[in-house]
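Trainee: One-letter residues, chain by chain:
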Amino acid sequence: MRKIVVTVLIALLLMSSAASTAERTEDVIKSVVFPGWGQFSTGRYTRGAVMMGTALVSIGAISGLTLQYNRHMDSYEEAARGYAQATYIGDAVEYYSQMTDSWNEADDTYRYRNIAIGVLAGMYVWSILDITLGPEASVSPVAMELRPDGFMIVKTFSF
Amino acid sequence: MMLKKMIMALTVVVAAALVSCSNNHGTEPAPFDVDAMPIPADLTVTPGTEQATISWNYPMESMGALEEFRVYYYFAPFDAVELAGTTTDLTYVDTKLVGNVEYCYRVSAVDTFGMEGWRSGEECAVINTR
Chain X
-19 MRKIVVTVLI ALLLMSSAAS TAERTEDVIK SVVFPGWGQF STGRYTRGAV MMGTALVSIG
41 AISGLTLQYN RHMDSYEEAA RGYAQATYIG DAVEYYSQMT DSWNEADDTY RYRNIAIGVL
101 AGMYVWSILD ITLGPEASVS PVAMELRPDG FMIVKTFSF
Chain Z
2 MMLKKMIMAL TVVVAAALVS CSNNHGTEPA PFDVDAMPIP ADLTVTPGTE QATISWNYPM
62 ESMGALEEFR VYYYFAPFDA VELAGTTTDL TYVDTKLVGN VEYCYRVSAV DTFGMEGWRS
122 GEECAVINTR
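Top line first, the protein sequences correspond to chains X and Z.
Anchor point for the first sequence: position 107 equals 87 in this note's numbering, and the numbering is continuous, going up by one each time.
Here this note's numbering = 1-based position in the second sequence + 1.
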């Protein structure tokens, strides 16, 4: 898994250097720091918001599911201790049932957490590839337009 | 442009799949491996004067692994038990009981490792007075 991540990062760095513009490199770095930030810098607000929103929801889910997973594992270990020390078959059966229930719940939580990690990783990859391979920011989100009677601030939305 | 979008979407899916497939947070619990002693059968309670004689049957082939029998008072309203005494025989005499009171008993077998098997069903009797 680490090899894949390192390979992808090296490929992205090479691709970003191929782009050969300082601005693009800066945008790539922003996307590496947080998905969608680079898109915001290039004026693609909707896409950036989708990436950032999804990444934030994923981070929240990962945190919550990690806490839940730890709770299930604590419960599992407690039941496992009870099972190991049981001196009555009824207690052993009860503790074993608690053990398997806690284990299954921990297993499900672990799987959901991995999916959330996958979504977050996907957002990173999408954001970085989008910046690296996508068109450069052609329109500045905020610009000053000169007029005969003065100037005007122009705000441009690009999707 | 279409190809780039497809590559991006594919990368996202592959990344998510790679992470979510690595589901190995430890080894599963071992199968339940506690061998219980057989349950004492044909429990009878014979009331006496302020005492009761509790007797039961037990398979001879399991007597070799037997450490002791445990005789319990059983309190039906609370579904609770309290140890009355232990024996290695198939009979237990419970003394110093109160007359005109119903006593219920359950019996279990304990193996030489200290693991107590399932308790028998309860059997009750009203104790005679002097």
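These are calculated hints, taken from the structure and not from any lab test.
Incorrect hints may appear among the rest.
Derived contacts from chain Z toward chain X, CB cut-off under 7 Å, selection only [stated by the list, open to error]:
(1) H26
(2) P30
(3) F33
(4) V35
(5) A37
(6) E117
(7) G118
(8) W119
(9) G122
Some residues of chain X that are not near chain Z, with every Cβ distance over 12 Å (derived) [unchecked claim]:
(10) E6
(11) G33
(12) I39
(13) L47
(14) R93
Label-pair restraints from in silico Cβ distances [unchecked claim]:
(15) K97(Z) / S77(X): 18 to 28 Å
(16) M61(Z) / T67(X): 19 to 29 Å
(17) D71(X) / M61(Z): 40 to 50 Å
(18) G122(Z) / S77(X): 55 to 65 Å
(19) S77(X) / E69(Z): 35 to 45 Å
(20) V73(X) / E69(Z): 39 to 49 Å
(21) N58(Z) / E58(X): 17 to 27 Å
(22) V99(Z) / R51(X): 40 to 50 Å
(23) A2(X) / T28(Z): 47 to 57 Å
(24) R51(X) / E51(Z): 48 to 58 Å
These numbers come from a predicted model, not from an experiment.
Heads up, the beta-carbon is just placed ideally off N, CA and C, and yes, glycines get one too.
Trainee: Now, for every hint given, state plainly whether the structure supports it.
Mentor: Hints, one by one, checked against the model:
| no. | hint | verdict |
| --- | --- | --- |
| 1 | H26 | holds, 5 Å |
| 2 | P30 | holds, 5 Å |
| 3 | F33 | holds, 5 Å |
| 4 | V35 | holds, 5 Å |
| 5 | A37 | holds, 4 Å |
| 6 | E117 | holds, 5 Å |
| 7 | G118 | holds, 5 Å |
| 8 | W119 | holds, 6 Å |
| 9 | G122 | violated, 14 Å |
| 10 | E6 | holds, 20 Å |
| 11 | G33 | holds, 15 Å |
| 12 | I39 | holds, 14 Å |
| 13 | L47 | holds, 15 Å |
| 14 | R93 | violated, 9 Å |
| 15 | K97(Z) / S77(X): 18 to 28 Å | violated, 39 Å |
| 16 | M61(Z) / T67(X): 19 to 29 Å | holds, 25 Å |
| 17 | D71(X) / M61(Z): 40 to 50 Å | violated, 28 Å |
| 18 | G122(Z) / S77(X): 55 to 65 Å | violated, 22 Å |
| 19 | S77(X) / E69(Z): 35 to 45 Å | violated, 27 Å |
| 20 | V73(X) / E69(Z): 39 to 49 Å | violated, 21 Å |
| 21 | N58(Z) / E58(X): 17 to 27 Å | violated, 39 Å |
| 22 | V99(Z) / R51(X): 40 to 50 Å | holds, 49 Å |
| 23 | A2(X) / T28(Z): 47 to 57 Å | holds, 51 Å |
| 24 | R51(X) / E51(Z): 48 to 58 Å | holds, 53 Å |
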